[in-house]
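Peer 1: These are the residues of each chain, in order.
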Amino acid sequence: MNLMEWLVITLLAVWFAVTLVYQLFLQRLIPVAARWDLFRVVPSWHLYTHLPKGRRLRFRDRDAAGQVGAWRDLPLRCCDRAGHAWFNPDLFAADAIASHMEALSKALNQAPLPPERLVKTVGWQGVWRGVASQPMTEAVAARQFEVREWELTDPAGEAPVYISEFLPVRKGEA
Amino acid sequence: MNGLAWLHDPQACVELVTRLAGLSVAVSALEWWVARRAFADDAVLGWPLLRQRSRLRADGGVARILGRLFGAQGFAALQAARLLAGLALLLAVTHPVVRPAGLFVATVAACLTNLRQFGLGVIGGDRMRLCVLGALTLRELAPDSVRATQGALWFIAGQCVLAYCTSGLLKWRQAGEWRQGTALALLLRQEFMGDVRLAGWLAAHPAVNRAATWSVLALEIAFPLALLGGVPLAAVFVAGAFLMHLGIGQFMGLAPFLWAFLASYPAVVFASAQARGWLGW
Chain A
215 MNLMEWLVIT LLAVWFAVTL VYQLFLQRLI PVAARWDLFR VVPSWHLYTH
265 LPKGRRLRFR DRDAAGQVGA WRDLPLRCCD RAGHAWFNPD LFAADAIASH
315 MEALSKALNQ APLPPERLVK TVGWQGVWRG VASQPMTEAV AARQFEVREW
365 ELTDPAGEAP VYISEFLPVR KGEA
Chain B
7 MNGLAWLHDP QACVELVTRL AGLSVAVSAL EWWVARRAFA DDAVLGWPLL
57 RQRSRLRADG GVARILGRLF GAQGFAALQA ARLLAGLALL LAVTHPVVRP
107 AGLFVATVAA CLTNLRQFGL GVIGGDRMRL CVLGALTLRE LAPDSVRATQ
157 GALWFIAGQC VLAYCTSGLL KWRQAGEWRQ GTALALLLRQ EFMGDVRLAG
207 WLAAHPAVNR AATWSVLALE IAFPLALLGG VPLAAVFVAG AFLMHLGIGQ
257 FMGLAPFLWA FLASYPAVVF ASAQARGWLG W
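In order, the protein sequences belong to chains A and B. Here this note's numbering = 1-based position in the first sequence + 214. Here this note's numbering = 1-based position in the second sequence + 6.
Please note that the accuracy of each hint is not assured.
[As the list claims (entries may be wrong)] The following residues of chain B were derived to be distant from chain A, with all beta-carbon distances above 10 Å:
1. Arg-25
2. His-211
3. Arg-216
[As the list claims (entries may be wrong)] Calculated pairs, SDA-like style, for lysine to any residue (alpha carbon to alpha carbon, straight line, at most 25 Å):
4. A:Lys-267 x A:Val-235
5. A:Lys-267 x B:Pro-102
6. A:Lys-267 x B:Ala-209
7. A:Lys-267 x B:Gly-187
8. A:Lys-267 x A:Met-350
[As the list claims (entries may be wrong)] Which residues of chain B face chain A? A few of them, derived with a C-beta cut under 10 Å, are:
9. Gly-52
10. Phe-124
11. Gly-130
12. Trp-160
13. Gly-187
14. Ala-210
15. Pro-212
16. Ile-254
Derived by calculation from the structure, the hints in this document are not laboratory data. Idealized CB from N, CA, C, for every residue including glycine.
Let's have the full structure, built from the sequences with the hints guiding it.
Peer 2: In structure tokens:
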């Protein structure tokens, strides 16, 4: 076996061994991977091993006179394009907003953050960007959003986990 | 050379895996390109937002370079490079310069995409794609070596088997809904990434729901048998896995899994044929 063969096989064997160890001790190694594996070359194969929570994102508008509109669902469907089983660019935005909602929900559950710190979290800002990018009329002065959550085993248990203040909108965001 | 030569010829098998990896890269790059509005600087996957959750928050020379690369225009250019690399791998896999260059560009671009996203928008399919590309790129250090080629194929097959088996065993161990056979109907209840009508139908037909849920579990947990049972059994397993990903793509929208895992299947079948020869069955 020459040097290059030895190098290739050794690197692949080490990569596979590290992947195997990562699966066995995932929870303990997640912080290590987050710090050192910047390119995410060591995969986690813990795929859909827990049922996620059901989530819904709603928003409503207020005009300059203080008139408040009805709640509307932010459309989060990722998969209505023809051929989406093969080619699905709509997945990115839907998955991102869902991930931002999950991050916001986790931030609320982990430790009560004062509102001025909560609005600086990536989860909150990501959700707000998704909400603020929805079309709006010229009359809209402020927008409010609500994240609702439920266990998939108990759809009747749907409840709000976060309701924002009415936030002023910049028309450029529409 | 007949159409099934890749079953016993590692170089031919690597060629097939490389073509399929190229297809997977091209499809993925095209998806990112079409979805580029979501990556604009003021959008939900814009770099100014994602940067705050990564280790690259600090200002400095590297951060400035990455800022240019990961901003809306730079990232679109990166995806265009991925698309070209993917097409090159698909169409010119035998070219002695194009293939290693295409693999290098595709692998580096996948790493940079992972660095930018820091887990957001990167799913299991992207991880498998990086494993396949990384193994093929490392093999280019000794492209004429049969041992290195077999090593790369066994690595890819091993990652595929590990992915399914780990996922299946953990579903069984950690989630009662999978053991009880109710998980599929529940998963499909997600409005943004599911199919509420199918979820309702499965909930109304618990026997079908149980059969479908347990079929997924059985396929994933038993997938290592694909390496031991010879070519026919391996073909059954990879065909089953392909159909499963097709269903996941159709009903949950997770198309990236389909192409990324497809690229690993020839390696699984090749490894199975080789293992059968070693074991003398």
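Peer 1: Which of the numbered hints are not met once you compare them with the structure shown?
Peer 2: 4, 5, 8, 13, 14 and 15
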